[in-house]
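Given the structure of chain A, go ahead and fit chain B onto it with the hints provided.
Taken in order, these protein sequences are the chains called A and B. Here our numbering is used: the first residue of the first sequence is 1, the next is one more, and so on. Here our numbering is used: the first residue of the second sequence is 354, the next is one more, and so on.
Some hints here could point you the wrong way.
[As the list claims (entries may be wrong)] Covered stretches of chain B, as calculated for chain A (at least 3 residues, CB under 8 Å): (1) 397 to 411; (2) 432 to 439; (3) 450 to 457.
Because the hints were derived from the structure by calculation, they are not lab data. Positions of the beta carbon are idealized from the N, C-alpha and C atoms, including for glycine.
Letter by letter, the chains look like this.
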Amino acid sequence: MTTATADRGIAVPSALRKQGWTVPILVGLALLSAIFASLCVGAYPMSFWHSAKLVLHLVWPFSTYNPDLKELTVVKIIRPPRVLLATLAGMGLGMSGTALQGMFRNPLVSPDIVGVTSGAAFGAALAISLDWSPAVIMALGCCTGMMAMACTFSLAKMARGSNDGVVVILSGVFIGAFFLALLGLVEFWGNPFRISHWIIGSFVNADWTKVWTIAIPTLIGGCVLMTLRWRLNLLSLGDLDAQSLGINVGLLRWTIIAVVSVIVASQVAVSGVIALVGLVVPHCARMLVGPDHRRLLPTAALIGALFVLALDDLNRSSVYAALPVGALSAMVGTPVVCLLLWKSRGRGWTRNS
Amino acid sequence: MGDPAIRFHDLGHAYKPGHWIFQNYSAAVERSSIFALLGPNGAGKTTLLKILLGALKATAGTIEVSGRTAFVPQLFQVTFDYSVLDMVLMGRARNVGVFSQPSARDEEAAMASLDRFGMAHYARDPFHELSGGERQLVIFARALVSEAEILILDEPTSALDLKNQLVVLDWITRLSHEDGLTVLFTTHHPHHALAVADTALLMLGGSRFDQGPARDVLSEENLHALYGVNIKHLSFEHQGEQHETLVPVLPYGTRARNEAANERSRAE
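This is chain A alone, in the form it adopts within the complex (with noise of 0.2 Å):
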């Protein structure tokens, strides 16, 4: 019988076990060091290893140097903020691509492109524009973003009757297009510059209350992602399978659902629409520690926050301070996607058979 062979147990070679956990770590180790660069570079002038010693008197208790105050005040209230904002956003659009993709079954599908960006972006413009508070501009901002993502996935199934993955692109383009039309609207008759600013995505005027107002969101909705990434493996066979080996693929389809659209709306109500991140990193990660969510998504998680990290850095310490970050996302991820695309040309996800 089926227990006696589980119970006779044939080892699983230590080596697959193990398999891959050292590239996550590695990554995550980077991702501090980075959190610690980041503190260290910005426009104020201040030498990098000066900022290095001031961050490092910050966190060591027993420090005796005795600093500028306005330099500290740089690296203590200026800088944290606008850095934890940054690897924040990247963390959620890394989980919520990774999600994305395993659970439409399709390595195109990203936050963009499903519609949940516009609606967001449209519920946060709207506002925004009528001047309301940021726990509102939030809150509007994710009803939308989840409303939007509701209606690509009604719009899909009501075409075909399943989700397939052109499909589910074919109705995340049109709710985009709808809501970024209401956008527009919104813009023409509210603010436009306030709007537009805002929209293009940065990190400029990072304070704690949206680092609040992005953490809470990214890390519960975060949490929820990671008990259930293994799942995501289950949802990525198809509807049919999946519900056959005991999934209640509607119901944990729907939280996915749920959870994305509250991360990105969160990350879009503070910080814009940062393009392509939530393309890009899922794709690097699989080529890092391969397609089992298990590893996948924390990779995900930490190589989406490396990456949005080291732009907004590029942002700050460069002469051209005003370039946003959502168009260096745009201008750095295109070229990646292609290059991404050339790569894996024959194997993976691109196969035909």
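For chain B alone, coordinates are given in the frame of chain A:
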């Protein structure tokens, strides 16, 4: 035999009101038996499987499935190239809590199941690099590790070469006899059904169906009614054992008949 593993009564399904794919189907699948489902394309085989798996609600009738089911799809394709072990591990979904990850014990069970099918050395390989026959065995291993009692297969031999067709048929028999699984499969090959199935159901369309012991149901007349072609029943002896099979007769003549005709015209 006790309660049947699957029982359906007056089952019918229509995707559009009034357009019945099939209607008034009744059958019972005994425990540990092999049940074959035959019918031409469009007869509703896949629809019936979906109903059995609970993925589709029947328009009419009742259905009872007592026991855990495992499904083996027709052609297994994955979007992401999971390893063979990852694939088999997914069979443990019912044993792993919603918010937990599979344990070392689950992985051991998956390895044991792979070993049963002689596939343990493929554990680390990407699933999509295996041949069609090997993939089918991995999916069998996944079904076994899920501790299913009922195995539902959609045309398990359709995409395989001749040898692998026989390997799969062999495993269907072994899983039923050795492991006591109930196996239900659809097929386009009546001789496969005759070779391994205990019971067969011919889906003749509408409310017409034939159901009973495979040997009785898979008669030349019934198969002619089902497919509209002539199928001959042949018995032969091989290494002291009696075998029987079904062979279709080609409607436009065989090479031998054409050669004979050519011979005649040349003689004239």
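**Item:** chain A covers the stretch 397 to 411 of chain B, three or more CB atoms within 8 Å, holds or violated
**Value:** holds (count 4)
**Prompt:** Three or more residues of the stretch 450 to 457 of chain B near chain A by CB distance under 8 Å?
**Reply:** holds (count 6)
**Request:** Take the stretch 432 to 439 of chain B, compare each residue's beta carbon with every beta carbon of chain A, and decide whether three or more fall closer than 8 Å.
**Result:** Coverage by chain A holds here, the residue count being 7 at a Cβ distance below 8 Å.
Violation of the numbered hints given earlier is absent; every hint is satisfied by the structure.
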